[in-house]
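The residues making up each chain are set out below.
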Amino acid sequence: MTNANRPGGSVPLWAGLTFASFGAVMGLALSDAIDSTTAMILLIVPAALFFQTMRAANRAADNRGPCSAKGEAQQRYIKRVMVFSSAYLVAIALQVSLLSDSDPSMAARVALALLPAFAIIGVFWAIGRLIVEEQDEFLRMLIVRQALIATGFALAAATLWGFLESTGVVVHLDAYWWAVAWFFGQFVGAVANRISYGTWGAL
Amino acid sequence: MKNRLKVLRAERNWSQQQLADLLEVSRQSVNAIETGRYDPSLPLAFRIAEVFDLAIEEIFQREA
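Chain order of the listed sequences is C and B.
Going letter by letter, the first sequence gives residues 1 to 203 in the numbering used here.
Going letter by letter, the second sequence gives residues 1 to 64 in the numbering used here.
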């Protein structure tokens, strides 16, 4: 029982670090202490911490059973997310180095803008494939629920911010921040799953 | 919906993981069904009935 409790005990720590790092990056970005490119790179930190939170939570949940390896669908999902996260980092690095050193053509600027966008879209696709491929109906329901909560969270945040921005109360935000809000909403969805169903889910 | 999953599992001395393996679902699924947090689909309810060699209504009952 002690062993079972140990990994679960690290969940609040990882979740707290996720929240803190996300808040720190957002705070720095909104106060113009760092530019948006730096913020997008730094967001890898809360994303990685969120990933670790979910791993710790799943380890804690799985510890009661003798062997509870992740399903094939989840393993494929993790691999896909790792590929797209790596592609995102490479795309941002390319963007930073090429845009700062020279004044590239319009076509090159379009390509440099689309590369990180497609990497993020790849993560959305990976979540969609997980929903299709997950054979466990309960886990599938948790993933769908988490994604719906994230969608509601991001749409609500975008609506609120948009109206506040139109009245000059808050600063302008680039639209890709709503994808960031959606990923943060996944965390909110995981907490909601934990409260309602006793498990953090599979994402 | 109420169910007798926990009692039936205890009678057979199965862990949640063993039952999950027999049903080819996650242990979280078994736990959620046992605790009444999640009602399984009809196909999964049939699989549960097959594993316990009982009729569905002998495992699942409507709340009074």
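Hints listed in this document are in silico derivations from the structure and should not be mistaken for laboratory results.
Bear in mind the structure is a predicted one, so any value in this text is a computation, not a measurement.
Cβ atoms here follow ideal geometry from the backbone N, Cα and C, with glycine treated the same way.
Honestly, I wouldn't trust all of these hints.
To be verified - One side only, chain C facing chain B, incomplete, derived with CB under 8 Å:
| no. | residue |
| --- | --- |
| 1 | Asp-103 |
| 2 | Pro-104 |
| 3 | Phe-138 |
| 4 | Tyr-197 |
Here is what the structure says about each hint:
1. Asp-103: 53 Å, violated
2. Pro-104: This hint is violated: Pro-104 of chain C lies away from chain B, its Cβ roughly 49 Å from the closest one there, beyond 8 Å.
3. Phe-138: 4 Å, holds
4. Tyr-197: 5 Å, holds
The earlier numbered hints that this structure contradicts are 1 and 2.
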